[in-house]
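Engineer: If you're matching them up, the sequences are chains A, B and C in order. Per the UniProt record's numbering, the very first residue in the first sequence carries number 1; after that it's consecutive. Per the UniProt record's numbering, the very first residue in the second sequence carries number 1; after that it's consecutive. Per the UniProt record's numbering, the very first residue in the third sequence carries number 1; after that it's consecutive.
Just so you know, these hints were derived from the structure itself, not from any lab. Some hints here could point you the wrong way.
One side of the interface only, derived from the structure: several residues of chain C facing chain A at Cβ under 10 Å [what the hints assert, rightly or not]:
| no. | residue |
| --- | --- |
| 1 | ARG125 |
| 2 | ASP127 |
| 3 | ASN171 |
| 4 | LEU174 |
Where is the CB? At the ideal position from N, CA and C, for every residue including glycine.
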Amino acid sequence: MKRSKVIMVLSLLVIAISAFAWTNELSRISVDGNKFVNEEGETIVFKGLNIADPDRLVKEGQWKPKLFEELAGWGANIVRLPVHPGAWREWGSDDYLKLLDQGIEWAKAEGLYVIIDWHSIGNLRTDLYQADMYDTSMRETLRFWYTVSRRYADEPAVALYEVFNEPTTFNGQLGTLSWDQWSNMVMDIINVIRANSPDAIPLVGGFNWAYDLTPVSDNPIPAENIAYVAHPYPQKREKPWVEKWEKDFGFVAENYPLIATEIGYMYPEQKGAHIPCLGDEEYGNTITTYFEEKGISWVAWVFDPDWSPQLIKDWDYTPTRAGELFKEAM
Amino acid sequence: MKRSKVIMVLSLLVIAISAFAWTNELSRISVDGNKFVNEEGETIVFKGLNIADPDRLVKEGQWKPKLFEELAGWGANIVRLPVHPGAWREWGSDDYLKLLDQGIEWAKAEGLYVIIDWHSIGNLRTDLYQADMYDTSMRETLRFWYTVSRRYADEPAVALYEVFNEPTTFNGQLGTLSWDQWSNMVMDIINVIRANSPDAIPLVGGFNWAYDLTPVSDNPIPAENIAYVAHPYPQKREKPWVEKWEKDFGFVAENYPLIATEIGYMYPEQKGAHIPCLGDEEYGNTITTYFEEKGISWVAWVFDPDWSPQLIKDWDYTPTRAGELFKEAM
Amino acid sequence: MKRSKVIMVLSLLVIAISAFAWTNELSRISVDGNKFVNEEGETIVFKGLNIADPDRLVKEGQWKPKLFEELAGWGANIVRLPVHPGAWREWGSDDYLKLLDQGIEWAKAEGLYVIIDWHSIGNLRTDLYQADMYDTSMRETLRFWYTVSRRYADEPAVALYEVFNEPTTFNGQLGTLSWDQWSNMVMDIINVIRANSPDAIPLVGGFNWAYDLTPVSDNPIPAENIAYVAHPYPQKREKPWVEKWEKDFGFVAENYPLIATEIGYMYPEQKGAHIPCLGDEEYGNTITTYFEEKGISWVAWVFDPDWSPQLIKDWDYTPTRAGELFKEAM
Ligand SMILES: [Mg+2]
Ligand SMILES: [Mg+2]
Ligand SMILES: [Mg+2]
Ligand SMILES: [Mg+2]
Ligand SMILES: [Mg+2]
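All chains should be built: construct the whole structure from the sequences, respecting the hints.
Structural biologist: In structure tokens, the structure reads:
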């Protein structure tokens with residue numbers, strides 16, 4: 001090989017490696033006041049998509065790089081991975097972590113940040129949950145976060161750790177839970193995450209299935225560098241929505257980064273239609289506009305043709321009406 | 001068929017259906033001051049019988065309507081079903097609930113109310129129990145009551161829910177348990193029961209194997225519409241008994257419904273004789289008279305020829321001496 | 001047989017039985033101020049040796065009376081048995097207790113007292129441990145002590161019960177644990193031990209892997225008749241050591257019996273060398289001299305050729321350099 005040719009080949013190789021490094025290294029996200037910022041100091045507003053539990057996608061034959069390409073193609077800059085406690089136990093932590101490793105690699109290849117979400121619903125204090133698939137315990141929850149935060153401590157793409165999907169007492173049926181009790185449990189989780197992954201940003205939701213953040217005004221979680229979460233589905237409140245959203249959770253965005261890790265709506269005739277998700281484009285437009293004005297991040301639920309409210313109709317990724325709307329808004 | 005005959009047949013049918021409905025729908029019990037009352041406002045004093053764990057009766061071939069007919073024949077208006085945590089786990093909740101469903105149907109057919117009793121003995125805080133058969137946990141206990149209270153929310157026959165049979169530290173061998181700690185745990189159980197079965201009446205026992213209710217005078221369980229429990233076996237105290245019973249638990253009957261869900265005695269020569277159950281008719285007469293005067297409900301232990309102290313000698317339901325006495329008193 | 005011969009034989013038998021009784025009954029140890037004393041009122045300073053988990057010794061074919069003879073031959077008056085929670089579960093309590101029974105008999109035959117040590121490392125409150133072999137729970141810990149303290153209540157040779165080997169948050173990675181929280185958990189353990197084995201002496205270690213007892217000055221564990229523990233390996237602190245040891249744990253010896261249930265050192269080239277155990281004879285001489293002056297008891301770690309820091313090189317019990325030093329000091 002001639003020398004000039006060698007140089008050219010080497011140059012191309014350097015470019016290729018740089019490009020590879022670029023797609024594979026995302027800028028570390030941190031909290032600055034009420035904003036998410038990257039290492040360059042730029043404010044990042046997340047707009048993205050929920051997918052199903054990786055376990056479920058594997059079983060459906062849909063766990064593949066193509067899925068993440070499509071998410072990026074819609075305009076997402078973040079993907080939320082909901083890890084169901086039952087799936088975590090079924091695979092075992094070693095094997096489930098391999099799934100997460102894969103998903104994170106595929107996400108990074110598309111420039112997508114990742115939220116890891118411990119997808120339980122219920123009362124972590126009384127150990128009662130909304131259904132078997134959400135069954136866990138404080139012991140398992142802390143072990144999950146210990147394991148996950150150690151695994152991804154050096155991976156900036158895993159920017160956000162949603163400590164517990166939806167805290168709820170189900171109108172008392174799952175026993176009582178005070179905000180102080182919840183705050184203490186959240187602090188135990190945050191302390192474990194922080195000690196093992198110092199740069200991670202824990203996400204904290206409130207009661208009423210991660211809708212109600214009103215206690216934050218008087219009793220914020222006593223931790224720095226966290227962000228708050230809301231799941232404001234259409235029927236959590238009657239219209240007009242904006243003033244209620246502002247009072248119920250939106251006010252938090254004045255002082256903390258806020259991310260609605262689940263928003264979505266569906267028509268009553270769609271498969272799996274259920275309260276509080278029934279709605280239409282009025283909801284979709286109102287909430288995306290409200291978030292745009294407030295700089296609130298959001299993640300639409302859910303990029304799946306079976307789990308509702310659906311963003312796609314089939315595994316050709318054909319958007320539903322909600323899918324069209326959120327795709328447009330990203 | 002002639003018309004008059006048709007009418008007559010139909011009339012009989014109506015009567016039969018009414019009778020059937022009557023035997024199968026018991027009037028809902030509630031708490032009124034220190035009384036149990038039914039929907040008609042009548043004061044109900046319960047006098048009834050404990051049977052063995054349904055699991056045990058199945059294994060002995062004695063789980064059948066005939067058993068409940070006999071209870072009613074003795075004059076009982078209530079039956080207590082002691083559910084051992086180990087039996088609950090062995091059957092699994094789905095199958096054990098079917099047993100309870102059967103028992104409740106058979107009880108209703110005889111006009112008997114039902115107490116469901118979570119039959120553990122020990123210290124729910126330190127998670128130490130008196131023997132393996134009583135082994136449970138707060139997690140399992142709350143799940144049991146969540147499941148059971150949802151199942152029977154609309155069944156007035158299941159009037160009373162005894163949250164935990166006999167709290168005891170076994171003289172400290174099972175660790176310590178303060179009344180405040182116990183009260184908090186009881187409140188967690190009551191809150192779950194109440195949210196899922198709003199009309200249910202939780203029954204709460206005190207320390208010393210459900211004998212000692214003295215802390216209730218200064219620190220009653222902070223819940224409405226509950227009743228208290230005592231298990232005053234003969235040797236809990238030296239004679240003369242009445243003044244001690246009054247001071248140890250009977251005073252509670254001034255302000256709350258009180259039900260002695262276990263009373264009984266046996267002669268030293270009987271099978272399974274043990275302290276604190278050794279006694280004779282003096283005990284039996286004294287306690288039933290005392291309860292009669294105070295309007296305290298009671299449930300004799302136990303309608304079984306093997307489990308002691310026995311009320312029957314055999315599966316022909318031949319009464320023991322204690323059986324004779326309590327049968328007479330009902 | 002002639003009569004005089006019979007008498008002589010019988011006399012020898014009496015002597016033999018007396019000797020047997022003597023070797024098999026140790027004088028009960030209790031706490032007197034800051035001393036361990038025996039029934040004769042003599043102050044006892046323990047100097048002894050750790051062996052591996054009996055489970056491990058069984059698997060290595062080294063669980064035998066010869067091992068205990070050797071310990072006594074080195075001059076030990078106490079042996080520490082580290083029971084790993086995983087081994088306890090693997091054998092089941094019934095079979096593991098038989099192992100302990102054997103070890104205690106063999107120890108008594110050599111005049112050795114026994115420390116039973118619940119050999120976990122981690123945070124008992126958050127239920128996170130340093131490695132799988134140390135995994136346990138408060139429930140299991142209390143059950144272990146309930147079972148063990150009942151078993152050996154009447155056995156004076158089992159003098160000391162080390163409630164939890166090494167409490168640590170691993171620099172926060174295992175969550176937080178305040179001294180008050182630790183003290184409350186320790187009190188639950190002590191109360192169970194004390195109620196079932198009234199004469200037992202519980203041993204309590206502090207944070208930083210049982211190194212730091214500074215909280216004891218203001219907040220001693222509120223129990224009588226206990227002793228404190230330290231595990232002062234060489235690299236817990238920079239030289240000069242003595243003033244730091246005095247401040248970190250040694251001051252406790254003014255008011256309570258103190259026993260260093262693990263001390264030891266090894267050279268960097270030895271198998272399994274790790275921080276904080278790297279050291280040499282300067283450490284060995286300094287610490288044994290310090291303990292001698294203060295009357296602090298100690299138990300060297302560990303009489304095993306594989307587990308580090310080793311006191312023996314092989315199963316002929318050939319001493320390592322550390323082994324030589326501690327053998328000499330006993
Ligand atoms: Mg949801
Ligand atoms: Mg777009
Ligand atoms: Mg009883
Ligand atoms: Mg150690
Ligand atoms: Mg020597």
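Engineer: Against which earlier hints does the structure fall short, listed by number upward?
Structural biologist: none
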